[in-house]
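A.B. asks: Based on these hints, arrange chains Y and W on the given structure of chain P.
First to last, the sequence lines map onto chains P, Y and W.
Under this note's numbering, the first residue of the first sequence carries the number 1, and numbering increases by one thereafter.
Under this note's numbering, the first residue of the second sequence carries the number 1, and numbering increases by one thereafter.
Under this note's numbering, the first residue of the third sequence carries the number 1, and numbering increases by one thereafter.
Hints were generated in silico from the structure; no laboratory data involved.
As the structure is a prediction and not an experimental result, all values here were calculated from the model.
Treat the hints with caution; some may be incorrect.
To be verified - Cβ-to-Cβ under 10 Å is the rule here; a few derived chain W residues that face chain Y:
| hint | residue |
| --- | --- |
| 1 | Gly31 |
| 2 | Gly142 |
| 3 | Pro144 |
Each residue gets a CB set at the ideal place from its N, CA and C atoms; glycine is no exception.
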Amino acid sequence: MTQAPAERSLFAAPVMAEQERMVEAILFAAADPVTVAELTDRMPHGCDVPEALAHLRRRYEGRGVHLVRVGEAWAFRTAPDLGFLMQKEAVETRKLSRAAIETLAIVAYHQPVTRAEIEEIRGVAVSRGTIDQLLELDWIRFGRRRMTPGRPVTFVVTEAFLDHFGLESARDLPGLKELRQAGLLDNRPGPGAAPDPDEDDAASGQSELFED
Amino acid sequence: MTQAPAERSLFAAPVMAEQERMVEAILFAAADPVTVAELTDRMPHGCDVPEALAHLRRRYEGRGVHLVRVGEAWAFRTAPDLGFLMQKEAVETRKLSRAAIETLAIVAYHQPVTRAEIEEIRGVAVSRGTIDQLLELDWIRFGRRRMTPGRPVTFVVTEAFLDHFGLESARDLPGLKELRQAGLLDNRPGPGAAPDPDEDDAASGQSELFED
Amino acid sequence: MAETFDDTPILTVEARLAAEALIVDVDGFEGPLDLLLMLSRTQKVDLRRISVLQLAEQYLLFVNQAKDLRIELAADYLVMAAWLAYLKSRLLLPPDPTEDGPSAEDMAAHLAFQLERLQAMREAAAQLMARDQKGRDFFARGAPETVVRLRQVRHTATLLDLMQAYARIRTRDEFRPFVMDRHHVFTMEQALDRMRGLIGYAGEWTDLASYLPPGWDGHPMRRRSATAAHFAAVLELAKRGQIELRQGETFAPIEIRRRET
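Bound-form chain P, shown alone (with noise of 0.2 Å):
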């Protein structure tokens, strides 16, 4: 096979602008870098590897991808400022767990709200875990200390969180009577059972909230 231009004698090396091709198609094959050493080998006889690598670096300078030379060796590198390309982002939507838009929710119908009030309302302990993702979402924040012994620190919902629930404020949540009606709580009550005690307590933690 020649790859020939006219006037070349069986022996003479390929002109420079064909080892440059050559040098080209060699390291873009090549699943590692390859060394001056390797690419002479592999180069028909007479080839001046180092001139065909510096005019092939300077033919990728400021393009997508670059020659660049990895200890003895030389490869092709994608150009550094264009690295993000390379990477796929993924968003993955995923469900909030229970545990966590129960405690969502409590924060937003009782804030502000103690760490030890949430667990007395869901009835077991909640997580660190837990509020530390609301927290990172963005959704719960720490409010003001509550003054009772212990000065325990307490939780309320954030702009962030009113701005995706579509919630002018947190007042807008609808009330436990809204939610009967609306037939999420259709779980009638059993017989004989007593008006929640907690109702009012509710009402008032609530309105505690918006007094300020």
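C.D. replies: Then chains Y and W, alone, in the frame of chain P:
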């Protein structure tokens, strides 16, 4: 949308030279062809990928590496005349049987084609192994079922087939036009009783093959 | 084998050439159509101008010779032979206008078409395989960079989720098995816990009533609950042999003391 750098707004697409670099970087980094859709997806909003590809293709004309189209996708490939330099990278491909090569050609030129049609053209039953081998090479795949009695599946060639044989599309198969003009790609049923006692067997063999 | 061959009377050059095909292993042919295509080459004409009649004769001769040589031919070769014999007779006879179905010429034309098509596909296959191939003549990127997938999890919740969650919590409250106000209930378990801690210090006989927790002796409902709970707890402790208990007479105070061990 303007690409003039001076008046570029935050959301304007990068200038064409920059888009070209980006396409170059993405395609250089990929071993398999990348579709225009995926390129568009990975590039900043508002880029004109087809135009960037056209520029890039011209840029690499005559180089050691070419930009080639493979179906709906694009890839960089070393220039075929430099293959002799790449003995190190050459992969030993399993030698295909004559039956497999002919079957592949029939699928490529007659696609979508049913197994019965392949058998009719070759005049012999197509062994399951032949089909399996071509499927395994990812050179053929199942196409749509034919809307004829028995709803036989059809075979078509894949993008990997086009990639392997350096074809832009199945329309670029060598001699396709001539064969079509000569009527040799027509599905011409034999007059009356065709000398094909295997027809029934073939059909049943087919359904058997695709039951699982 | 070849000698046996020469003994058989061969009349034409074509037939002789066809007979040579026998030297090729019959297994080497991919069926009758492949064999026919091979035989057709001996006519040295364009496939479009091939003489199907002549081809039929060549094929039949081949089959006969195979029979003479006791070469067992697969069934489809014999089916083709029968069909070609029929076609040959039809081609030789003047067309019978009363006969239905395709004419002999149509059948012959179709066979010629099949041969031409198979030949065309073979040439196409050869051209395809002669193309530059990936991994042999041209190469893909040897060191592809993998695309780093940054997974970003976005949590979603709708207002409905939120309200349902709240409704769930509140409904659960309403469903408490204790419909009585828990504020006024002192359970036996609570009393037992309390008593266990207290009896350690009680060496003397003491009135059970004095053990009632503070705040549980005012409200009658609370007092009754606490008293009942503590009495049950004391019975349990006595049963376990941890305390002794006594009552002077009916409705007299119940006294307990720690049992010496």
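A.B. asks: The hint names W:Pro144 as touching chain Y; please verify it with the least Cβ-Cβ distance against 10 Å.
C.D. replies: holds, 4 Å
A.B. asks: Restraint: W:Gly142 near chain Y, CB-CB cut 10 Å. Satisfied or not?
C.D. replies: Where the cut-off is 10 Å and the nearest Cβ of chain Y is about 6 Å from W:Gly142, the hint holds.
A.B. asks: Is the interface hint satisfied for W:Gly31? The criterion is a beta-carbon contact with chain Y at less than 10 Å.
C.D. replies: Holds, about 4 Å.
Checked against the numbered hints given earlier, this structure breaks none of them.
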